[in-house]
Amino acid sequence: MGSLSDVRVEPIAIVGSACRFPGGANSPSKLWDLLHSPRDVLMDFPPSRLRLSNFYHKDGEHHGSTNVINKSYLLAEDPNVFDAAFFNINGLEAQAMDPQHRILLETVYEALERGGCSLDDIQGTKTSVFVGVMNADYYDIQLRDSETMARYNATGTARSIISNRISYFFDLKGASMTIDTACSSSLVALHQAVLSLQNREAKASIVAGANLLLDPTMYIAESNLHMLSPEARSRMWDKDANGYARGEGFAAVYLKPLSAALRDGDEIECIIRGTGVNSDGRTKGITMPSSVAQTELIRDTYRRAGLDPSVDRPQFVECHGTGTAAGDPVEARAVHDAFFPPSSKRDNERPLYAGSIKTIIGHLEGCAGLAGVLKASLALQNRIIPPNMHFNDLSPSVKPFYGMIQIPKQPMPWPESTTSRASVNSFGFGGTNAHVILEGYYKGGECLNGGCQQARLDSFVGPMLFSGNTQTTLRAMIKEYFDYLSANPSLDLEGLARALADRRSMFPVRAFFSGSNREALLKYMGQALISSEGSDIGTRSLASSDTPGLLGIFTGQGAQWATMGKALIHSCLLFRVSIENCEESLSTLPDPPSWSLMQELLADDKESRIGQAAFSQPLCTALQIALVDLCSAAAITFDAVVGHSSGEIAAAYAAGILSAKDAIRIAYYRGLYAKLASGPDGQPGAMMAVGLSMEGAMSFIAECGLYGKVCLAASNSPSSVTLSGDKDAILQAKGFLDERKVFARQLQVDTAYHSHHMLSCADAYLKSLEACNIKPSLPRAGCVWVSSVRGDIEILEKGDFTSLNSQYWVDNMVKPVLFSQAVECSLWAGGPFDMVLELGPHPALKGPATQTLKSALGTSLPYAGIMRRATNEVEAFSGAIGYVWSHLTDYHIDFASYRESFFKEADRAPATLKDLPSYPWQHDKAYWKESRISRQFRLRHSPLHELLGRRAPDDSDSEMRWRNVLRLSELEWIRGHEFQGQALFPAMGYIAMALEAVTIATKGQQISLVDIEDFHVLQAVVLEEEHPGVEIVFSLKQTGDCKWDFNCYTCSDEWKDLTKTSTGRLILFKGEGSASELPSRPKKRANLSPLDREMFYRKLSSLGLSYHGLFKPQSSFQRSQSYATGSASWPLDQLGQEYVVHPAVMDVALHSIFVAFASPVSHEL
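Just remember that our numbering sits 96 ahead of the position in the sequence shown, which is counted from 1.
Quick caveat, the hints were computed from the structure, so don't treat them as lab data. Note that the coordinates shown come from a computational prediction; the quantities given were computed from them, not determined experimentally.
Pairs of lysine-lysine residues, derived as DSS-like cross-links and limited to a Cα-Cα distance of at most 25 Å, are as follows:
1) Lys911 <-> Lys871
2) Lys823 <-> Lys805
3) Lys222 <-> Lys269
4) Lys1099 <-> Lys1139
5) Lys942 <-> Lys911
6) Lys871 <-> Lys894
7) Lys863 <-> Lys771
8) Lys222 <-> Lys299
9) Lys894 <-> Lys911
10) Lys1010 <-> Lys539
11) Lys771 <-> Lys823
12) Lys575 <-> Lys1010
13) Lys167 <-> Lys1025
Listed next, with one range per pair, are the computed distances between beta-carbon atoms:
14) Gly707 <-> Asp360: 45 to 55 Å
15) Lys771 <-> Asp579: 55 to 65 Å
16) Lys1133 <-> Ile1029: 13 to 23 Å
17) Ser144 <-> Leu239: 17 to 27 Å
18) Thr1098 <-> Pro604: 50 to 60 Å
19) Leu625 <-> Gly187: 27 to 37 Å
20) Lys950 <-> Ser627: 19 to 29 Å
Glycine included, C-beta positions come from ideal geometry on N, C-alpha and C.
Just need the whole structure built from these sequences, with the hints factored in.
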């Protein structure tokens, strides 16, 4: 740190970035690949994009022309495509929008996405937006024809709207402005954003830049100023530098104050230590930069950041580095003088490395500053200084400042330093300079204890969540992540799961994957992709104006299995603590169990006693209590709960009626005394599932004379019951049912629950419950507890829960389970519901519950079990909450809290955000509006002809027009055709234009002969020195099969109208030409006298007709009275290849007419 370290301004963190750059660099990671290993990404303009070749002329100052070849640094993607639906923009408005606006919306979203900021997170926040833009080609295209202007043109093409639309869509309340300082626009925008944060005008800021090349206008304008490289190469500081190469691109960064970024747990890409902006003031010309101003800006920016530029100099400077004769030496001097003033010591100093991204992707103009920031940021993050391209020989104009400043030609390690620092310099051609200081941000060691980091490479707490606006985008997203996961085996799955759940926007079409490890995850994703070929993938979640309703179903005894909950016990701290709390409650009883809940849950098949009631009852309830706690951690609460048999204990806990301490005791004593169950005479018991309704079952028992021996144990659904009672009576009943072909299946239990068999253990159970001093509470607000003993909510309505301290649980064990009635009651008492979740070891009640719901509602509801038999419980539970998330748009699940319940704070993985696949935009539709006139101007093949000019964009093939501006400085050969000291446009120029025009009109057809009729020159056209030019319009109209009329109009004064100056007609003869088709020549006369060529032209000159150059070639003439012949020749390179017949050739041919009337004796004409 230097001597100014007392200055303190909070640094700003770049927490998210995105880009669309040439060479397919449509993400920061792909950009880094290109920067680290540069390749030539210069592209030809596709003919459907822009025919820049139409406007080419080797002289950059030629009117209406550019001397840049038909190449630039272009985006690989189609700029017309846009995901309009994502941004809620209709087709008509999307068509009217400048593609810069459209692409930037997507780029900004990607920057927020990489910054871990969802749409919900940023909506309504005081976030500022600053966008740097220099060009608006689409605006120029639209204004080319006001007759076809779109309804939304004003908002679609205005530069101001490009920033405002970002604020509008994302609902941002901070400052919103578009900045145009030419090439420094986006770096100035960054400066303004930093100020808005440091002045606390905003909590966060979005900075963006945009540049798209669609129109020739700026090529023409900048070529006139000699700013552009003819071969489209930016050669920073190279002796062959001859201007800059235009490029297109988009960039966006998401900024926060450093303290806010740390608070929010953001992944910081780098920090902005300081920014500055100034102006050159008055220089030799408004486009001429000032090294003094740039030097002062660099020094001032460092001082205000508390740094001394000569002591705290950076290791790398990203220069503006355009490759222009005006800019490069000035910037080189400025950088040198700022960081290496005469007073600084040079001994043993390390060089300062410099470079420019423009040598790789071209000059992005309004986006150039941010492009440089992204390059410097990536270099800091990767601790590598990337090389420049096109640097072969140092420019002599830069050589005095080179040495301590060097340009790397190969990637090199970042120099060792206490602080990794880079500067980014930029200046606009009007004199606005900007400078930014960046510093690397490197977190300390994040070593996680217990080898947990390595474990996360193969396991994770799911679910992995994916969502899109459409089925197409969702499928594309899953495919991209499948490929990404396959290609990155070292990716932290836990960090990825956190990012997808906590730091991504959620959309209505959703899919989730909850594999317990990488292999399972990829398997499930691959299966989903294969099975969805040609069909939908995922689920369109239900949107609701109200909070979605959730019904909780609690499984009773019978669904348990050995090692149930084992994976959750091992991996989930909260789950384990819940089981431990239950165990502690039992340990304080006067007759505690001699065994451990935890050990029994972890026991394998051989050692497990899960099948014995004394164990299964408390184990199932402990498991359900822990599941309820885990649901609460995920913010999953139930609007109503229904328990089946002993499942009512956990249901009451979920409703807040029972504490976990009391609930586990109720279950423990129920299991403990179940062994006392038997018939009045000690008969063994049995149970049986039967396919009858409750009423049908009661009738069946009475009809068969089994009353008192067989009881209705449970009404499971409208067509399913459970019977219970004496074993021999149950077997007898099964025989009757089999005869009637009614479904009947004996259950594998030896206790007749919910029958008279349970009366023998009721008293002991009641006494123990009373001793527990159970204290039921009112249920929590918003949760309806429905009794399955009663099948109603009468207890809830009366508000008297005293029976739940003991007697109710005896009734729960002895009386029938009115489950289907309770489920149906819940619909009107606690509904409506959007989903059902079953909490228990296995979703055993899904069938009867779904039947009941469908019978009552006419349709079923989405139904999920929170666990599944013999399935990894973490995977199953994660899948269940993923199921809720995928079906219910408006149901908030706290995935962060859910995951925190698994780990101690030191073990929690940060969200993995950078380099993940971005949202897959649905680019199946292109949006473009352009009039015929503009389209023909930009795209129709119409190369420049030096006389005709270019085709008029509003003409047609049957009546063609060309337009040009004739300037003497651009048509030097016309100087050879003078009249009275003025350059006179030759009459044969009109004939030459007519021949060129008809050649174009006939599209290469063979023409053997052209007759010219009714040719008139109506007015002379004079080309004057230093004149802006004579406008000329030439028209050609087909009047017959082979007849074409032509007219020429000119205007030498911009304030006047066009005047017809020539007219004529062409008669075409098609076919292969031959000399025999020409009119026969008269027999050459004898005794012709040679003519003194010089005397002849002197005489013409004395008459005001002065010929020279092409109009006075090497020639010879012979004549007699009213008869002459002649010959002439020109070097081919003087006539060029542009003409069918050059005007000078035809004009010289006419000289023979003068010769026929020239007297060698009298020297007169």
